[in-house]
Amino acid sequence: MADSFQRVPSGIPGLDEMLEGGFPFPSVILLAGSAGTGKTTFCQKFLSTGADLGEQCLYLTTLSEPTQWMLRFATQFGYVNKRHFGKEIIYVDMGELVRKGKPADLLSFIDEQVGSIMPQRIVIDPITVVGDFMEKNYRSFLFDLSNKLKNWQAVTILTGEVKPNELYPAEAAYATDGVILLRFIEEDGARRKYIEVLKMRGTNHASGRQSIDISKQDGIVVLKSKF
Amino acid sequence: MNEKDVALMNKFLNEVSGRENGHRVLLSVKYNQISKINLILLRALIGEQGKHGLFVTVDRPHQYMTYLLDLHKIPRDDLLFLDIISRFSGESINACDTDANTASPFRISELLDLLENGGGGRDKRTARIDFGLLDFIMIDNLGAMLSYNELDDVAAFIQKYLRLVERYGKLFTAIVIDVRAQPELYRAVQGLCQQEFVVAEDGNLMPLQIPAANDLPEKKMEEIAESVILFTPDFQRVGNAYPRPTGGA
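First to last, the sequence lines map onto chains A and B. Start counting the first sequence at 1; every next residue gets the next number (our numbering). Start counting the second sequence at 1; every next residue gets the next number (our numbering).
Rather than coming from a laboratory, the hints here were simulated on the basis of the structure.
Calculated lysine to aspartate or glutamate pairs in the DMTMM-like style (CA-CA distance at most 25 Å, straight line):
{"hint": "1", "chain 1": "A", "residue 1": "LYS82", "chain 2": "B", "residue 2": "ASP5"}
{"hint": "2", "chain 1": "A", "residue 1": "LYS102", "chain 2": "B", "residue 2": "ASP70"}
{"hint": "3", "chain 1": "B", "residue 1": "LYS11", "chain 2": "A", "residue 2": "ASP52"}
{"hint": "4", "chain 1": "B", "residue 1": "LYS73", "chain 2": "A", "residue 2": "GLU88"}
{"hint": "5", "chain 1": "B", "residue 1": "LYS11", "chain 2": "B", "residue 2": "GLU201"}
{"hint": "6", "chain 1": "A", "residue 1": "LYS87", "chain 2": "B", "residue 2": "ASP202"}
{"hint": "7", "chain 1": "B", "residue 1": "LYS73", "chain 2": "A", "residue 2": "ASP111"}
{"hint": "8", "chain 1": "B", "residue 1": "LYS4", "chain 2": "A", "residue 2": "GLU112"}
{"hint": "9", "chain 1": "B", "residue 1": "LYS4", "chain 2": "A", "residue 2": "ASP52"}
{"hint": "10", "chain 1": "B", "residue 1": "LYS170", "chain 2": "B", "residue 2": "GLU116"}
{"hint": "11", "chain 1": "A", "residue 1": "LYS150", "chain 2": "A", "residue 2": "ASP132"}
{"hint": "12", "chain 1": "A", "residue 1": "LYS199", "chain 2": "A", "residue 2": "GLU171"}
{"hint": "13", "chain 1": "B", "residue 1": "LYS73", "chain 2": "A", "residue 2": "ASP105"}
{"hint": "14", "chain 1": "A", "residue 1": "LYS148", "chain 2": "B", "residue 2": "ASP70"}
{"hint": "15", "chain 1": "A", "residue 1": "LYS148", "chain 2": "B", "residue 2": "ASP5"}
{"hint": "16", "chain 1": "A", "residue 1": "LYS148", "chain 2": "A", "residue 2": "GLU112"}
{"hint": "17", "chain 1": "B", "residue 1": "LYS4", "chain 2": "A", "residue 2": "ASP111"}
{"hint": "18", "chain 1": "A", "residue 1": "LYS87", "chain 2": "B", "residue 2": "ASP5"}
{"hint": "19", "chain 1": "A", "residue 1": "LYS87", "chain 2": "B", "residue 2": "GLU3"}
{"hint": "20", "chain 1": "A", "residue 1": "LYS100", "chain 2": "A", "residue 2": "ASP111"}
{"hint": "21", "chain 1": "B", "residue 1": "LYS4", "chain 2": "A", "residue 2": "GLU88"}
{"hint": "22", "chain 1": "A", "residue 1": "LYS82", "chain 2": "B", "residue 2": "ASP202"}
{"hint": "23", "chain 1": "A", "residue 1": "LYS150", "chain 2": "B", "residue 2": "GLU201"}
{"hint": "24", "chain 1": "A", "residue 1": "LYS150", "chain 2": "B", "residue 2": "ASP5"}
{"hint": "25", "chain 1": "A", "residue 1": "LYS193", "chain 2": "A", "residue 2": "GLU17"}
{"hint": "26", "chain 1": "A", "residue 1": "LYS82", "chain 2": "B", "residue 2": "GLU201"}
{"hint": "27", "chain 1": "B", "residue 1": "LYS51", "chain 2": "B", "residue 2": "ASP130"}
{"hint": "28", "chain 1": "A", "residue 1": "LYS100", "chain 2": "A", "residue 2": "ASP144"}
{"hint": "29", "chain 1": "A", "residue 1": "LYS87", "chain 2": "B", "residue 2": "ASP70"}
{"hint": "30", "chain 1": "A", "residue 1": "LYS150", "chain 2": "B", "residue 2": "ASP70"}
Everything numeric in this text was worked out from a predicted model, so none of it was measured.
Next up, chain A with everything else stripped away, as it sits in the complex (with noise of 0.2 Å):
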């Protein structure tokens, strides 16, 4: 049987070469980590690397954070291009919505956003202040909303914070094509970052973590890609 899998660019630099040449298209993919971990860092870079080939993206924040905020800390990075914003990366909050904790308003909701768009990208982030609201129907939530997403072909990223001993949501992990982990880790009195692929389906994807940088003009590198 013929592969029919398309690969979409990460846009993260180094990373691509872990897994077959990029994300799965459609697929939805779950990036955990702590806080500072750099997964709003890696969002931005996955949708502005879409927005330069001319793709559309959309941004969707649970968090209700003023986009303000969110959108000046991200033209410190250099690949920002100001001129996507509003055009080729739209951002929505849908912070209220998800503070209501209902399902279904939230799916359709999010069909109407991506409905109306049409994104090639989607973040939703993060995915886990949804299961926070949800209780008791946010694994079955996660499931619709992973299925659905796919079906409206797209790359979709969701976040998820995790607290520093714990490596990723599990809820989210099972319902997601992708798990990427980006780490803190303690080494000789340091905290180095690191990112490792846990799970990519239909990709033979590298194994173990891999060293990371945060710089601003290129947002996360993968380390051993300079080499």
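Following the hints, position chain B against chain A.
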């Protein structure tokens, strides 16, 4: 649908203007834009030209396209959906729509015979589509067929499909594939469409030029066996979505 999409639609309409009947157009589109382009084409054919058509969904359940059509205010009363993927999608068809036929995405090469000839008495539920009453057919999308069928079977299907479009005279079709990502599909279609275009990343429509196409290994399409596998018909017409007669063929 933004200004760029509307501009693309108008350019497409200009390019095919006056050639609608029996016309076969190939559009090369980046793989992750195919769904969007299909919506733009449906708006052109239905919304702008008021045509009746058949939309075959292979890649995702038909309700995603019906949702988009409704959201973008494109009428779909005269659009018939043939949904061959819903039963494998884990989603309820009833949740969104009723005008679905269901079948298997496997053994795709028998699909057109079944549609054209009905179930041959083997199953009363089998729908027979009178292609003479349609203005166009589109498939969303050919590339997805490779997930369920061997390349030779998909190539045989394409041959048969384009012959059918040619045979019915007034039918129009737009084949939408990513030539760069799936050159093997292009080889199966190459030379069979009267016009070939590429949708550029900036949304522009340009004539397709593939300098390397002649260097690709040749595939003699006439040597592709058209397998005759007994197909278990399981189409089910629900609702009232068949195109109304317009004078017929």
